[in-house]
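Trainee: In case you want the letters, here they are:
2 protein chains.
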Amino acid sequence: MRYELYYWPGIQGRGEYVRLALEEAGADYVDVARTERGTAAMMRMMEAGSGTPPFAPPYLKAGRLVIGQTANILLYLGPRHGLSPKAEPGKLWVHQLQLTIADFVLEVHDTHHPLGPTLYYEDQQSEAKQRTSEFWKERVPKYLGYFERLLERSGGTSITGRRLTYVDLSLFQIVEGLRYAFPKHMKAFERRIPGLIDLHDRVARRPNIKAYLASERRIPFNEDGIFRHYKELDV
Amino acid sequence: MRYELYYWPGIQGRGEYVRLALEEAGADYVDVARTERGTAAMMRMMEAGSGTPPFAPPYLKAGRLVIGQTANILLYLGPRHGLSPKAEPGKLWVHQLQLTIADFVLEVHDTHHPLGPTLYYEDQQSEAKQRTSEFWKERVPKYLGYFERLLERSGGTSITGRRLTYVDLSLFQIVEGLRYAFPKHMKAFERRIPGLIDLHDRVARRPNIKAYLASERRIPFNEDGIFRHYKELDV
Numbered sequence: 001m002r003y004e005l006y007y008w009p010g011i012q013g014r015g016e017y018v019r020l021a022l023e024e025a026g027a028d029y030v031d032v033a034r035t036e037r038g039t040a041a042m043m044r045m046m047e048a049g050s051g052t053p054p055f056a057p058p059y060l061k062a063g064r065l066v067i068g069q070t071a072n073i074l075l076y077l078g079p080r081h082g083l084s085p086k087a088e089p090g091k092l093w094v095h096q097l098q099l100t101i102a103d104f105v106l107e108v109h110d111t112h113h114p115l116g117p118t119l120y121y122e123d124q125q126s127e128a129k130q131r132t133s134e135f136w137k138e139r140v141p142k143y144l145g146y147f148e149r150l151l152e153r154s155g156g157t158s159i160t161g162r163r164l165t166y167v168d169l170s171l172f173q174i175v176e177g178l179r180y181a182f183p184k185h186m187k188a189f190e191r192r193i194p195g196l197i198d199l200h201d202r203v204a205r206r207p208n209i210k211a212y213l214a215s216e217r218r219i220p221f222n223e224d225g226i227f228r229h230y231k232e233l234d235v
Numbered sequence: 001m002r003y004e005l006y007y008w009p010g011i012q013g014r015g016e017y018v019r020l021a022l023e024e025a026g027a028d029y030v031d032v033a034r035t036e037r038g039t040a041a042m043m044r045m046m047e048a049g050s051g052t053p054p055f056a057p058p059y060l061k062a063g064r065l066v067i068g069q070t071a072n073i074l075l076y077l078g079p080r081h082g083l084s085p086k087a088e089p090g091k092l093w094v095h096q097l098q099l100t101i102a103d104f105v106l107e108v109h110d111t112h113h114p115l116g117p118t119l120y121y122e123d124q125q126s127e128a129k130q131r132t133s134e135f136w137k138e139r140v141p142k143y144l145g146y147f148e149r150l151l152e153r154s155g156g157t158s159i160t161g162r163r164l165t166y167v168d169l170s171l172f173q174i175v176e177g178l179r180y181a182f183p184k185h186m187k188a189f190e191r192r193i194p195g196l197i198d199l200h201d202r203v204a205r206r207p208n209i210k211a212y213l214a215s216e217r218r219i220p221f222n223e224d225g226i227f228r229h230y231k232e233l234d235v
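So the sequences go chain by chain: E and Y. Counting with the numbering used here, you get residues 1 to 235 for the letters of the first sequence. Counting with the numbering used here, you get residues 1 to 235 for the letters of the second sequence.
Do not take every clue at face value.
Unchecked claim - If you only want the chain Y side, here are some residues facing chain E, beta carbon under 8 Å, derived:
id	residue
1	92
2	138
3	153
4	154
Claimed, not checked - For lysine-lysine, the following DSS-like pairs were computed, each having C-alpha atoms within a straight-line distance of at most 30 Å:
id	chain 1	residue 1	chain 2	residue 2
5	E	184	E	210
6	E	142	Y	61
7	Y	129	E	137
8	Y	91	E	86
Claimed, not checked - Have a look at the derived ranges for each label pair, beta carbon to beta carbon:
id	chain 1	residue 1	chain 2	residue 2	range
9	Y	86	E	138	50 to 56 Å
10	E	34	Y	154	53 to 59 Å
11	Y	231	E	138	25 to 31 Å
12	Y	81	E	82	38 to 44 Å
13	Y	122	E	34	44 to 50 Å
14	E	220	Y	218	49 to 55 Å
15	Y	133	E	152	22 to 28 Å
16	E	35	Y	37	57 to 63 Å
17	E	2	Y	149	27 to 33 Å
18	E	40	Y	189	30 to 36 Å
19	E	63	Y	37	46 to 52 Å
20	Y	154	E	153	41 to 47 Å
Hints listed in this document are in silico derivations from the structure and should not be mistaken for laboratory results. By construction, the Cβ of each residue, glycine as well, lies at the ideal position given by its N, Cα and C atoms.
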């Protein structure tokens, strides 16, 4: 079965967590909105009068299923591609961690959009500075400290201690994104999360991930995505 | 089996979506943090060096499982208590809707905390006014319009068209919360979501929910929770 991934064609964004899982799995998929007339097809599916129309991208078409919400898509893909346990307890635990990452991703987004997603960054720049300061002082240590502790406890090979899961791929993306958006902050912070940095490096060396990152399928970071580099916020 | 729910004892917050499901199901549960020394027990579980320590409340102890993240708890409870389909496609769809509600709940929280969750409301009051204005202009119509359309399509008895699910209970809570926090805004807006208002009223009349709402187990809304009434934001 060829999966159809629907996500905004110009950014990594939330779709990237799904792309990383599909790439690591070597799954057959098409990134629909990056094909001709693909974005129009994506918009039509959200307006569908029947079936399970998603609220927002990303969503995945898998045969007759249309699955929305990043973590929900990974919940579906994980056990099918060896990227999460198949038994319920392990599946719920990995999903719980992914939902915690989703919460963190939303807080990353709020650093440049504290007054809401529909206003321009330029119109909320001073608020963005305040929110970013709070983010690095309180939120990054809390979230990444949590994952670092879990990694330590696991022995350090993967977050759940045994096999690689989609959560490890997502944590790779978090480190990549923070390095892109906040290089100065991150440079100072990385010594506090040696386990996560090591995990990041090991994920980056995996053959399928390495090939993906070097390909055109990996969209470069930019200032339309979740992780945005604004010099004035990285001080 | 007696479930143990762990959540902050003084607020409805995110725990309320779980409480409503447990109450509708007539499940045997104890709201641990509301019992003597319960909050200390809750804090200890988050610091656990083994098992599946959650990042934050709410979490549910179900036998030997400890399940965190509101939507994940409902994913677990739903099929066990007739509050979601048992087959995967329906289960994923209901979960997807719950995750969309979770996104909306976070935006509700951001109306009074746009500069971050660790600063006081009083220190971000003018930013809260701006965010709230955006919230009512753009975000409420987008989210509640989505659910209203799904309800219309379903025929109006429940969001998935057939049986009541935990999503219907959560939508009841959204209407209750918006009415408490923003009575003026909501009064003007309700005519645009007749289906959701009707769903709210039907949920409120269900015997188990009615008994719960009249009991001391239902914590009143207050200004420590997600839905907060600040007069200056409801203009």
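Trainee: If a hint holds in the structure, say so; if it does not, say that too.
Mentor: How the hints compare with the structure:
no. : hint                      : verdict
1   : 92                        : holds (6 Å)
2   : 138                       : holds (5 Å)
3   : 153                       : holds (6 Å)
4   : 154                       : violated (11 Å)
5   : E:184 - E:210             : holds (25 Å)
6   : E:142 - Y:61              : holds (23 Å)
7   : Y:129 - E:137             : holds (24 Å)
8   : Y:91 - E:86               : holds (16 Å)
9   : Y:86 - E:138: 50 to 56 Å  : violated (41 Å)
10  : E:34 - Y:154: 53 to 59 Å  : violated (33 Å)
11  : Y:231 - E:138: 25 to 31 Å : holds (28 Å)
12  : Y:81 - E:82: 38 to 44 Å   : violated (31 Å)
13  : Y:122 - E:34: 44 to 50 Å  : holds (46 Å)
14  : E:220 - Y:218: 49 to 55 Å : holds (50 Å)
15  : Y:133 - E:152: 22 to 28 Å : violated (44 Å)
16  : E:35 - Y:37: 57 to 63 Å   : holds (59 Å)
17  : E:2 - Y:149: 27 to 33 Å   : holds (30 Å)
18  : E:40 - Y:189: 30 to 36 Å  : holds (31 Å)
19  : E:63 - Y:37: 46 to 52 Å   : holds (51 Å)
20  : Y:154 - E:153: 41 to 47 Å : holds (45 Å)
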